[in-house]
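Those protein sequence lines, which keep their order, are chains A and B. Quick note: the first sequence uses our numbering, first residue 1, plus one each step. Quick note: the second sequence uses our numbering, first residue 1001, plus one each step.
The hints are simulated quantities; they were obtained by calculation from the structure and are not laboratory data. A few of these clues could be false.
Each computed SDA-like pair below joins lysine to any residue, with the alpha-carbon atoms no more than 25 angstroms apart [claimed, not checked]:
(1) A:129 to B:1045
(2) A:28 to B:1287
(3) A:28 to B:1201
(4) A:129 to B:1201
(5) A:129 to B:1030
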Amino acid sequence: MSESIIDVRDLRREFTVRSPSGRVRRTKRSVHAVDGLTFSMPAGAAIGYIGANGAGKSTTIKMLTGILVPSSGTVRTCGLEPIRQRRTLARRIGVVFGQRTQLWWDLPLRESFRTLAAIHRLPENVWVKRRDELIDRLDLAAFVHTPVRQLSLGQRIRGEIAAALLHSPSLLILDEPTIGLDVLSKERLRLFLTEQRELHGTSLLLTTHDMDDVQRLTERVIVVDHGRMVYDGNLPGLVGRVGAERVIVLDLVEPSPPLSGIPEAELVGVEADGLRQRLSFSPERTTAAAVLAAVGERASVRDLSIEEPDIEDVVRRLYLSTTALNDHVK
Amino acid sequence: MCAAHHTLDVPDSARRSFRRRTTATARRVVERWRLFAAYVAMGFRRWSTYRLAMAAGAFTNTVFGLIKAYITVGAIGAAGGAVGGYDAATGATYAWLAQALIGPVNVFGWRDLAERIRTGDVAVDLARPIDPQFAFLATDLGRAAYTFIPRGGPPLLVGALVTGLALPSSPLPYLLGTVSIALAVMASFAGWWLLNLAAFWLLDLRGATTLYLVASNVLSGMIIPVHWFPDWLWTVASCTPFPSLIQTPIDVVMGHVTGTEALSVIGVQCGWLAGMLLTGQLLFRAGARRLVVQGG
């Protein structure tokens, strides 16, 4: 039996929110940040954990790492009880909170690595080799001697990830790692993470708003809404379930009249006098090839690209469909 | 299970297992020291990046040292040449030493932890496999080690040139003095650690910080020696850890207290330090517990 690296059973977490009502009195209100979450993650897996702001993602991560006590339910991370065995657990996992830093602001990365090696009790021959590998793979050499406060966001995040991986944890938890990064930095980071997983079999739990992150880095997606799981499966399944459509963008040889009336496809945009047209279609009902063939009878295509649905859209559609379902049940 | 079985049967393996356990303990001690040293070194390097702030601090301490030394000498002269065991030379020396200790002992304190609690960055500290108090204390010792010469040197140098310093000529007071200063640094840290922890419960620490600063500055002997206090204030001061921060290390360095008396005041410092660190440890746990239970 393959061991689960994360095992969550009926996990709940409530917060009490006090808000003033009148001059003296305050009303207390309970907010369910995480509400009956159950899932397990096999060792070596990669999960994209997605949801809108306030859906309960960070709360879940804090409970997984032992920083927050669950209101009820059980959590096991790396086979440990996070709250009781927080420090032991901290040696086995690497966490990057995208909005916070675990590096020392006034020191260069190099010094942070030295201190982290001591914290994780890594022998000299082990951590120096690992550090050099990370410097090489994340391209840190140019700024490893620069104080962290002077690094750009992209450089700092790469440094954060290196710091989280120095002790070769078996589970890496990344909370919004690519937020605010430019396309090139994101790409480099994704390549690096993919490579690390192949080399070391590191399990990955990732929260993100970026569809490409999910697509490139994970094979499974969990979507939460108001602390409840609304989807657990792969990305094509998610897209299929909400009926999100793909968009085919056609650059035509010459301006053409609107390509309406293509079977199973809908014209969603016409630009530059019909030189560029967009057709949306559902992969369930037709294929890109069929759409293209039908277009070919009416206009000649110079170039084309296919746009995947973006994650915000998919999640919004999913939320809408579950809300509708809930209303129906009520 | 397996090991226990073998120890019963084969004495040889029992010895081996004992040795293994001793080596494991020894290794843990070595690792802990390595960690401690790494944090001290890091604190040292972190503060060594703020050279301008260091120079500004040393300048301020020296200028105020001049003012204090002259006021002290004037007051002693007006009182007929000696007050509470200090003559002009020892009074001025006291003033200069107090100024020299401001930096290393960190009399005006720090608020990093309170800030981390307020912003939630303390989550990063909790996600590390190390006790935060241990980490902060080691870092602070590194800071003190770095500030010792650049913040302590200038006031003493100017003091030696302007009023002269009345310091003992035997090595023992300096040796004991170093121990006493190290204890003062840690005690000051422990006090500010407690104050910072209040951020777990209070939204704003300005009031508490001001109170603490007034109390610690007066009662530590920063402004005038505790020995000059009226009896009632002396009693109040001796019920607090504050004299351990400034008065005690100066008394030891100046040879004001020697022999068993010196050891006994150092003992008092140790007592306060242990008590405050322990309270800090328990309060941090309570605070972190509140954080992890209530969220934040």
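To see whether the hints hold, each was checked on the structure:
| no. | hint | result |
| --- | --- | --- |
| 1 | A:129 to B:1045 | holds, 23 angstroms |
| 2 | A:28 to B:1287 | holds, 22 angstroms |
| 3 | A:28 to B:1201 | holds, 18 angstroms |
| 4 | A:129 to B:1201 | violated, 44 angstroms |
| 5 | A:129 to B:1030 | holds, 22 angstroms |
Violation of the numbered hints given earlier is confined to hint 4; every other hint is satisfied by the structure.
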